[in-house]
Amino acid sequence: MPNHSFFVNGEKVTVDVESDVRLLWVLRDILGITGPKYGCSGGICRACTCHINGKAVPVCTVPVGKLRSTDKIVTIEGLGETVGKELHPMQEAWIEKDVAQCGYCQPGQVMAAVALVKDAQAKRRKVTDSDLDALRNVCRCGTYPRIREAIKLGEKGMPAPKRKKKRVVKKKPAARSSSDE
Amino acid sequence: MTVRADRTGLDAAEAAGDGAGITRRRMIGYLIAAPTLMAGARFAAPEEAAAQVPNIGITDFQDLSDVLTYAALPTMGLLAVTIGTDGIARFAVPRSENGQGLTTSIAMIIADELDLPMDKVKVTLAPARPELLYNQLTGASNTIHAIYEPLRLASAIARGALMSAAADRFGVLQSTLRTTAGEIVAADGRRIGYGDLAEKAAVLKTVIAKPQLRNAADLKLTGTEVGRVDARDIVTGKKSFAMDMMIGKATPTMLARAPTLNATALGVENASAVRKMPGVEFVEVIPHTEFVQGGVAVGARTFGQCIDAIRELKIRWSKGTSDGLSDADVLKELRANGLPMTPALPGKAIEETFTFYFRPGDPLETNTAVADVRSDRAEIWSAMKSPILAQEQIASMLGLSPSAVKANVIEGGGSFGRRLFCDAAIEAAAVSAKVKKPVRLQWHRTDNFRHGRVHPMGTNKVRGVVSGGQVVGFDQRHTAVESDFTHGLGELFSALAVKLPEANFLSFSQTVFYFTADNPYNVGAGAPLLNEIYTYNTFNTSSVRNVYSPDTGTAREVMIDRLAKELGKDPLDYRISVAKDDRMKGVLQRVKQEAGWGRSLPAGVFQGVAAHREYKSRVACVVELDMRKATVERKVPDALTGPRVTKLTYVVDVGKPINVLGVKAQIMGGAMDGIAQALTYSLHLKDGLFLEGSWDNAFYMRQWNVPPEVNIIVLPANTDDPGGSGELGVAAAMAATANAYAKATGKMPTEFPILHNRSDLGFDPQPSVPSIPQAPTDGLTRFGVRPKKKKKTAPKRRTTKKTGGS
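Top line first, the protein sequences correspond to chains C and P.
Counting in the numbering used here, the first sequence runs from 1 upward without gaps.
Counting in the numbering used here, the second sequence runs from 1001 upward without gaps.
So here's chain C without its partners, still in its complex pose (with noise of 0.2 Å):
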């Protein structure tokens, strides 16, 4: 069996498995990690989603030998310290609105928020009800409005990262449009 080495919330890992195994289950079943759920396993229900260099995957549609040693992946256990706290904003937005029921489903739907929110920032604006009705994440408890509020409540406490001072006039976040995501 071949080795796969890679970062998971900052540490360096290398697992011994076949290559075609998919993340969620090196995750899971060989290194423990079990914030990451399993849904589906087809891409479809979000409940594994990690971030992997910043962006938000469903971790059962990765093969293992498809990472680079360099890739980072921060499963929910790793997000508050890519802050430097306990708790990422969106985690304490979460507890906020109390927006959990089982859980089950929560993880995936932290991880996929804080994703969201870094996109809109990306395109310096806010997270639009456009956004949001993007988020294919499923919660079969339906705490989807609370999730809605949780969003946006958690956004508030995510700086925008600093630009490079590189365009002249500076675009207003709202004159954006809220529809091309």
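Heads up, a few of these hints could be off.
[Claimed, not checked] Calculated cross-link-like contacts (lysine-lysine; reagent style DSSO-like; alpha-carbon spacing at most 30 Å):
#: 1; chain 1: C; residue 1: K118; chain 2: P; residue 2: K1635
#: 2; chain 1: C; residue 1: K72; chain 2: P; residue 2: K1789
#: 3; chain 1: C; residue 1: K126; chain 2: P; residue 2: K1276
#: 4; chain 1: C; residue 1: K66; chain 2: P; residue 2: K1276
#: 5; chain 1: P; residue 1: K1647; chain 2: C; residue 2: K126
#: 6; chain 1: P; residue 1: K1238; chain 2: P; residue 2: K1437
#: 7; chain 1: C; residue 1: K12; chain 2: P; residue 2: K1747
#: 8; chain 1: C; residue 1: K85; chain 2: P; residue 2: K1238
#: 9; chain 1: P; residue 1: K1238; chain 2: C; residue 2: K156
#: 10; chain 1: P; residue 1: K1238; chain 2: C; residue 2: K118
#: 11; chain 1: C; residue 1: K85; chain 2: P; residue 2: K1580
#: 12; chain 1: C; residue 1: K72; chain 2: P; residue 2: K1635
#: 13; chain 1: C; residue 1: K12; chain 2: P; residue 2: K1788
#: 14; chain 1: P; residue 1: K1647; chain 2: C; residue 2: K156
#: 15; chain 1: C; residue 1: K152; chain 2: P; residue 2: K1635
#: 16; chain 1: C; residue 1: K12; chain 2: P; residue 2: K1789
#: 17; chain 1: P; residue 1: K1249; chain 2: C; residue 2: K123
#: 18; chain 1: C; residue 1: K55; chain 2: P; residue 2: K1238
#: 19; chain 1: C; residue 1: K152; chain 2: P; residue 2: K1249
#: 20; chain 1: C; residue 1: K123; chain 2: P; residue 2: K1789
[Stated by the list, open to error] Sample of chain C residues lacking proximity to chain P, with all beta carbon distances greater than 10 Å (derived):
#: 21; residue: T14
#: 22; residue: G103
#: 23; residue: G157
Simulated from the structure, these hints should not be mistaken for laboratory data.
Don't be surprised by glycine CBs; every beta carbon is placed ideally from N, CA and C.
Based on the hints, put chain P in the right spot on chain C.
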């Protein structure tokens, strides 16, 4: 104010005195012999109650909650609250937590009565305890109703014992002491924590104790909004589900399932080749039995390798129980088996038959269980709602005594009725016994949709008779595929009784139906009746959330709207005028005001109203349904869009809310469920198997159909009886959506979900062989980690306007 516990028997109702509530039933409290303080409560005359198996069908009861609470009475007294030397109150609830928020509400009740901060109360789930008999079934939104009084009583006794111990310690009269947040404070300012008194307050011999309940004004948490006790663990990934346990010690296990329902695997042609596949540890036939769905079990190093192996297996299958049957066949049978209506009264009869297709009960966590079966004992970990039954069935299957089987109840990732039966636990035990090693069994999502338990298909015929400006008759006949109630009341003896010929239908189905198919309006003579077809094990069914009510309630409410129209009355005002009780009128009046009933809306947006009473609660719901073309024809990849509820207003009267936030959450979830069941969420039966195999096939609520505006109002307590809320929100939301649709189209919708018989299914059904699909491999490019390569085409998506990325 508090008197020293005098250790003589006393009727709790009498003792309640000025304490808030607890007046209905006689209870006795105990101090229980234990190393640290332990207090419990039980209902009076237990021997009398224990001797009497609940006579299901007695009409003294008002609704199903009463039946289940009554069934729990004989054993409720064995529940006890313990105070540790760490000052923490512990309580193991003999119920299952799947997101309902039970553990939070229960912690609130204990914290209030003991005067402890929430973080000093630990509520866990008790493993199967056969001595509890009926009292370990989690269902029918009944837990808080059944547990509220004994829990308060036990907590009050514990608090009294602590005060008594503190009085001894300080050498003062107990009446000069007060409690505050886990400490007892003397008049001179001395204070001592509960933990320091826990041993001193303990008793060597179990004795009856007199409770002193706190006054309603002292109960600071009850009736307020408290966040879930596990909120932080959930958002940090720490909350542990069954599949998060025994990693590295138990083999990941998944089963290849049959191409039609309930077929059994007869043999595997290539087992030895599949055993050689990477990571594979075992391949074993697990026959389909009464308790075990079965198929061919594959154990591997990872679940991914189980999937790979399952897809390679060549399996011979027997016939199933529903081979060849499709929606239309079942519908034909249902139509042929409806019970006749009573002869119509004179007047204008308006009659309609509504069809409700199969709907999945899938939670997000599929059926899962860990099992470790040895020659002389077994241990199971699973989200079980009837753990005593599972323990006994597993013992019987393995030839062990029940005491040699430990059934641990693990928090589950949703239930919706799925976990009333412990299918995964029993199946995992069967596999573990066969392969002689511990296994972590997980159902694949596709199997969970196709072979898991579903809401049975049914038809509901309703007839209203109008005469002299009012409704004088209202008859309902429900005909359905039989619901499996063979979990009985969660215990083997009653479950066996249900398996007697006809018993499933005659006892449990009729009882549940009788107590839930309530008509909350004064609309003349008529009674709801039920007929069920096919035996309970033809399809895999269960009491999916809200059981019959989504169907019977929607049919009733749609017809009420129709009758109001016939009478020329506003449907909401009409409901208020005929509501049978004041609480029903109350929720309707309030929802009228809160929703802005009759307000001006854009053309193409319509309001709908519905109400419901069940679980000792009352609800009324108003939705605004956006039927505009731009909305209905929205394109979202791999989705069924259609009309969208844009605003939802729900007014809820649960009698006595414990955790207002928990009630709101349950109602919100019920509403999402109800809206989806009204419009999009169902299963299509074709040739003995359901076509749906993923969340992009079965169109449950997703963000693009979520109402952007949701307002849930929980009315303050008006009784001392906490009603249920877990299933309460489904029926009225479903019916209100149907009524808005009826208003938009000018006629009653008669098929549910409304979009079930759409011209385009909206997905390509997965094949039945192999039973599960392979996972995608394109995640890195599809989700933007790597640039997309030009040559390779993305996997086929159903509608392709946008990428699926979020």
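Hints, verified against the model:
Our distance criterion of 30 Å between C-alpha atoms is met by C:K118 and P:K1635, whose separation comes to about 25 Å. Restraint check for C:K72 and P:K1789: satisfied, since their Cα atoms lie roughly 21 Å apart, inside the 30 Å limit. Between C:K126 and P:K1276, the direct Cα distance comes to roughly 53 Å. Violation of the 30 Å bound is thereby established for this hinted pair. For the suggested pair C:K66 and P:K1276, the alpha carbons sit about 24 Å apart, so the restraint of at most 30 Å is met.
A hinted pair counts as satisfied when its Cα atoms are at most 30 Å apart, and P:K1647 with C:K126 qualifies at roughly 23 Å. Proposed proximity of P:K1238 and P:K1437 is supported: the alpha carbons are some 27 Å apart, at most 30 Å. For the hint pairing C:K12 with P:K1747, the CA-to-CA distance comes to about 63 Å; that exceeds 30 Å, so the pair is violated. Simply put, C:K85 and P:K1238 have alpha-carbon atoms about 16 Å apart, close enough for the 30 Å limit, and the pair holds.
With a CA separation close to 25 Å, the supplied pair P:K1238 and C:K156 stays within the 30 Å bound. Restraint check for P:K1238 and C:K118: the C-alpha separation of about 25 Å stays at or below 30 Å, so the hint holds. Proposed proximity of C:K85 and P:K1580 is contradicted: the alpha carbons are some 55 Å apart, above 30 Å. Annotation: proposed proximity of C:K72 to P:K1635 is violated, straight-line Cα distance about 34 Å (limit 30 Å).
Taking the CA atoms of C:K12 and P:K1788, the gap is near 26 Å; set against the 30 Å cutoff, the hint holds. Distance check on the hinted pair: P:K1647 and C:K156 sit about 25 Å apart at the alpha-carbon level, within 30 Å; holds. Proximity of C:K152 to P:K1635 is assessed by CA-CA distance (about 25 Å); at most 30 Å being required, the pair is judged to hold. Using a Cα cut-off of 30 Å, the hinted pair C:K12 and P:K1789 holds, with the two alpha carbons roughly 28 Å apart.
The hinted pair formed by P:K1249 and C:K123 fails the criterion: a straight-line CA distance of about 47 Å is larger than 30 Å. A distance of roughly 22 Å separates the Cα atoms of C:K55 and P:K1238; the hinted pair therefore holds under the 30 Å criterion. Restraint check: the Cα-Cα separation between C:K152 and P:K1249 comes to about 42 Å, which exceeds 30 Å; the hinted pair is violated. A distance of roughly 24 Å separates the Cα atoms of C:K123 and P:K1789; the hinted pair therefore holds under the 30 Å criterion.
Consistency note on C:T14: stated as away from chain P, and its beta-carbon is indeed over 10 Å from all of that chain's, at 16 Å minimum. Remark: the non-interface label on C:G103 conflicts with the geometry, its nearest Cβ contact in chain P lying 3 Å away (cut-off 10 Å). Interface exclusion of C:G157 from chain P stands, the closest Cβ pair being 14 Å apart, more than 10 Å.
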